[in-house]
Amino acid sequence: MNKENAWRFALLGIVFVLVGFLILGKMMSFQLDPKNRQQFVEEQERFSGGWHTVYPARGHIMDRWGHLLAGNITMYEVGVNVDQVKNPHTIALTLNVILGLDYAKVREAIENPAEGSVYIVLDDYVSKENLERLKKYKEEIQTTYGGIEGKDAPSLDGLVWVSKLQRTYPEKSLASNILGFVGRDDEGKSKGYFGVEANYDDLLAGLPVTVWVPNDPNRVEKLPNVPEGTSLVLTIDREIQRSMEEVVDAALEETGAKSATIVVLDPKTGEILAMATTPRLDLNKYWNYSNVFKDNTPFNRAISEAYEPGSVYKVLTMAAALDKGVVKPDTEFIDTGKIEVGGAEIYNWNLGVWGPQTMLGCMQHSLNVCLAWTATQLGAKDFYAYMKAFGIGHLTGVDMAGEVAGRLKVPGDTDWYDAELGTNSFGQGVAATPLQMITAISAVANDGKMMYPHIVRSIISNSHQYDTEPRVLSIPISTQTAVTLSDMLAESLEKEASDALVEGYRVAGKTGTGEIPTPYGYTSDVTNTSFVGWGPVDDPRFVVYIWLEKPLTSIWGSEVAAPIFPRIVNKLVVLMNIPPDKVRHQLYGQ
Amino acid sequence: MKDIKAFKQAYLQTPWRKQIQVVGVFLLCLLIPTLIASIYLNVTVRAAASGREILLMQDEIEAYELENADLRTQLGIITSAAEMEKRAEEMGFVRIQQGDALYLVVPGYTPRQSVILAPPPIKTQKVTIAMPPDFSQSLIDLIKQKLNTDSLSTKGKAP
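Residue numbers (the numbering used here), protein chains in the order written: chain A, 1 to 590; chain B, 1 to 159.
Don't take every hint at face value.
[Said to hold, decoys possible] No more than 20 Å apart at the CA atoms, straight line, and that leaves these computed lysine to aspartate or glutamate pairs for DMTMM-like: (1) A:Lys222 with B:Asp59; (2) A:Lys164 with A:Glu132; (3) B:Lys86 with A:Glu246; (4) A:Lys189 with A:Glu77; (5) A:Lys128 with B:Glu67; (6) A:Lys582 with B:Asp100; (7) A:Lys164 with B:Glu67; (8) A:Lys388 with A:Glu403; (9) A:Lys128 with B:Glu53; (10) A:Lys172 with B:Glu85; (11) A:Lys128 with B:Glu62; (12) A:Lys172 with B:Glu62; (13) A:Lys164 with B:Glu60; (14) B:Lys86 with A:Glu239; (15) A:Lys164 with B:Glu65; (16) A:Lys449 with A:Asp487; (17) A:Lys105 with A:Glu132; (18) A:Lys86 with A:Glu115; (19) A:Lys222 with B:Glu65; (20) A:Lys222 with B:Asp141; (21) A:Lys191 with A:Asp399; (22) A:Lys222 with B:Glu62; (23) A:Lys128 with B:Asp100; (24) A:Lys495 with A:Glu239; (25) A:Lys381 with A:Glu332; (26) A:Lys164 with B:Glu62; (27) A:Lys135 with B:Asp70; (28) A:Lys172 with B:Asp59; (29) A:Lys164 with B:Asp70; (30) A:Lys135 with B:Glu60; (31) A:Lys285 with A:Asp418; (32) A:Lys164 with B:Asp59; (33) A:Lys35 with A:Glu45.
Derived from the structure by calculation, the hints contain no laboratory data. Because the structure is a prediction, the values reported are computed rather than measured.
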């Protein structure tokens, strides 16, 4: 070795040794300092992969025959990878033209992203059609200007999209009040609102699974199999529901009523066959909710709005009295046109005096005085015990979100007075929902048994179908009472030559006209009109409840609500394959 | 002994032989790790390619699932009540009225049943062992059983 160059080699050696020591020192500091070490571990984790949440597809909702009422459709989230963007102007202009986004807002979002953000969402729930246009345009831009370099060269680089499923309702507004809808909660997550979507939200949504997806292909693992959310088969029949909605709309137009509600129930199983009400919402445009349901309008009046039902309630009073044995169908009552109960004077609907009447006559002419007397014969204790057994004042427990319990004041309550017994007997001073009323009265059509009203027939989970079994909710009256009352109500319709009669079918029913309470007392110029009916009387297949709120053409249930009943039955017997009584008896006789 | 000396002498006279030996050992040391590294690289590359393929297939599965959901919904839309009625009307069908129906007795006819989209859950049955204990019981078990039954039969009797 040349001695002149020795010092150079020595210096180089020293430098290398020092650098080596520095590296060693830094490595030791990383190893020994927990803060440094943590930082490195975090960075390693950040770049080695990411947590990915797999959301299962939301379960379907179908009618009893399998027709799809709620399904899922692919939509897209459009965003930008900030560090890949070359020309914000092109992106903003493209999204303005194709998706109708605000040019200035998009450009601002891209050019001034929040600190540390690498991805920005520019639009959500973009339809497949719009995304195809976007995709095609991006390809065109790439083909035309792909090779051109420079800041001003048109480029959609950085513009990306992610697919996702969105709830969709093929039948639009059909059965919307039953189904509810899926919207976004405050955190932007999917959430069911109202009806079945809200009540079964957890089941329908399924369980999301969060997994670690490594960037290193060597460490890749199979994603777990995330089962779809539970699917539901409802008890409703799409065709019956549609027909009932048509009847509701027609009734609203003909009578000028504020709202109309029809519920159809199978009395033997408690299955809700149809539940039509107004207003209805196109569920694919659920964001119009506040425009459609103004002024605290309930989403589903059949379960969420209690009202004073009026004379349809007399069915329950008479059922209780017959069952307790305080009256019989031929018990005579002399109607003097007035009765005093608890200090309050009660009159008939026409303020008339009807003279001697049997219980059948009392129901036929819907005499308030007679029913108030019947309730007094029963006594407050038994009357309210029966009303409780009929479920008045309690939730029915129907499997839809938003049910209200109504109100039944009972002795002992601070706002209950002796006079309530008289007024409650003909359906005033008591509030019930249409579903509560139909459930209670269905006991008369079903040999005294009240079945649990329900909307879900089957649950499909983990490739198995679980059918719901009919359940008895209560047995408020005996079979004998139910049969007797059913006959009485069929006869009263026939004797009255009611508008509710249906040619070829023996039906039972009762009209109702309820005055509306206001802060200044009851109104008589506007009423709630109702009708409850069922048939065929010897083998009931359906119970129908009709409620028209404040009709303008007449204030009487017998004039506006009763004529709707035969229209409904004529549709039901066709859709449910129920032959006329005569034919049925002949067929059974063969 | 003479042979060894001759062998050593031969190496002393031709040092290039020793050098070849050293180079050979060095190359061998180099070759083995290279071989291992290349095998490792090959396996790694194949594993990485498979991993990538799995990722792509997962994306593909997701895409098919989305397509399935889309198609099912499309089917729902084209068979919706309003669409079906429109098509029926176009084909000349009219809605049946109550009086139009003719009822007949059709032997063997079963009414329309509610939809069944999946099998019902399988009921688990209690498994009973058909084999009598005599075939599985050990001698000790048998003695224990006999002792127990004997003691049970001798105590607790009324005087």
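Hints, verified against the model:
Distance check on the hinted pair: Lys222 (chain A) and Asp59 (chain B) sit about 12 Å apart at the alpha-carbon level, within 20 Å; holds. Between Lys164 (chain A) and Glu132 (chain A), the direct Cα distance comes to roughly 15 Å. Compliance with the 20 Å bound is thereby established for this hinted pair. Taking the CA atoms of Lys86 (chain B) and Glu246 (chain A), the gap is about 16 Å. The hint holds against a cut of 20 Å. About 14 Å separates the Cα atoms of Lys189 (chain A) and Glu77 (chain A), which keeps this hinted pair within 20 Å; it holds.
Pair hint Lys128 (chain A) plus Glu67 (chain B) holds up; C-alpha atoms about 11 Å apart against a cutoff of 20 Å. With a C-alpha separation of about 15 Å, the suggested pairing of Lys582 (chain A) with Asp100 (chain B) holds against the 20 Å cut-off. Annotation: proposed proximity of Lys164 (chain A) to Glu67 (chain B) holds, straight-line Cα distance about 11 Å (limit 20 Å). At most 20 Å may separate the alpha-carbon atoms for a hinted pair to count; Lys388 (chain A) and Glu403 (chain A) meet this at roughly 17 Å.
As the CA atoms of Lys128 (chain A) and Glu53 (chain B) are separated by approximately 26 Å, the hinted pair breaks the 20 Å bound. For the suggested pair Lys172 (chain A) and Glu85 (chain B), the alpha carbons sit about 15 Å apart, so the restraint of at most 20 Å is met. For the given pair, Lys128 (chain A) sits about 16 Å from Glu62 (chain B) by alpha-carbon distance, which is consistent with the 20 Å threshold. With a C-alpha separation of about 27 Å, the suggested pair Lys172 (chain A) and Glu62 (chain B) falls outside the 20 Å cut-off, and the hint is violated.
In summary, the hint linking Lys164 (chain A) to Glu60 (chain B) is supported, as the alpha carbons are separated by about 14 Å, within the 20 Å threshold. Between Lys86 (chain B) and Glu239 (chain A) the alpha-carbon distance is near 14 Å, which keeps this suggested pair within the 20 Å criterion. A threshold of 20 Å between alpha carbons decides the hint, and for Lys164 (chain A) with Glu65 (chain B) the separation of about 11 Å falls inside it, so the pair holds. Annotation: proposed proximity of Lys449 (chain A) to Asp487 (chain A) holds, straight-line Cα distance about 17 Å (limit 20 Å).
About 23 Å separates the Cα atoms of Lys105 (chain A) and Glu132 (chain A), which puts this hinted pair outside 20 Å; it is violated. Under the criterion of a C-alpha separation no larger than 20 Å, the hint pairing Lys86 (chain A) with Glu115 (chain A) is consistent with the structure, at around 19 Å. Between the alpha carbons of Lys222 (chain A) and Glu65 (chain B) the distance comes to roughly 16 Å, so the proposed pair stays at or under 20 Å and holds. A C-alpha spacing of about 49 Å is found between Lys222 (chain A) and Asp141 (chain B), which places the hinted pair above 20 Å, so the restraint is violated.
Restraint check for Lys191 (chain A) and Asp399 (chain A): the C-alpha separation of about 17 Å stays at or below 20 Å, so the hint holds. A threshold of 20 Å between alpha carbons decides the hint, and for Lys222 (chain A) with Glu62 (chain B) the separation of about 13 Å falls inside it, so the pair holds. About 45 Å separates the Cα atoms of Lys128 (chain A) and Asp100 (chain B), which puts this hinted pair outside 20 Å; it is violated. A C-alpha spacing of about 33 Å is found between Lys495 (chain A) and Glu239 (chain A), which places the hinted pair above 20 Å, so the restraint is violated.
The hinted pair formed by Lys381 (chain A) and Glu332 (chain A) fails the criterion: a straight-line CA distance of about 23 Å is larger than 20 Å. Distance restraint check for Lys164 (chain A) and Glu62 (chain B): the Cα-Cα separation of roughly 10 Å lies within the 20 Å cut-off, and the hinted pair is therefore satisfied. Taking the CA atoms of Lys135 (chain A) and Asp70 (chain B), the gap is near 19 Å; set against the 20 Å cutoff, the hint holds. As the CA atoms of Lys172 (chain A) and Asp59 (chain B) are separated by approximately 31 Å, the hinted pair breaks the 20 Å bound.
Proposed proximity of Lys164 (chain A) and Asp70 (chain B) is supported: the alpha carbons are some 11 Å apart, at most 20 Å. With a C-alpha separation of about 18 Å, the suggested pair Lys135 (chain A) and Glu60 (chain B) falls inside the 20 Å cut-off, and the hint holds. A C-alpha spacing of about 50 Å is found between Lys285 (chain A) and Asp418 (chain A), which places the hinted pair above 20 Å, so the restraint is violated. Between Lys164 (chain A) and Asp59 (chain B) the CA atoms are separated by roughly 12 Å; this keeps the pair inside 20 Å, and the hint holds.
As the CA atoms of Lys35 (chain A) and Glu45 (chain A) are separated by approximately 15 Å, the hinted pair is consistent with the 20 Å bound.
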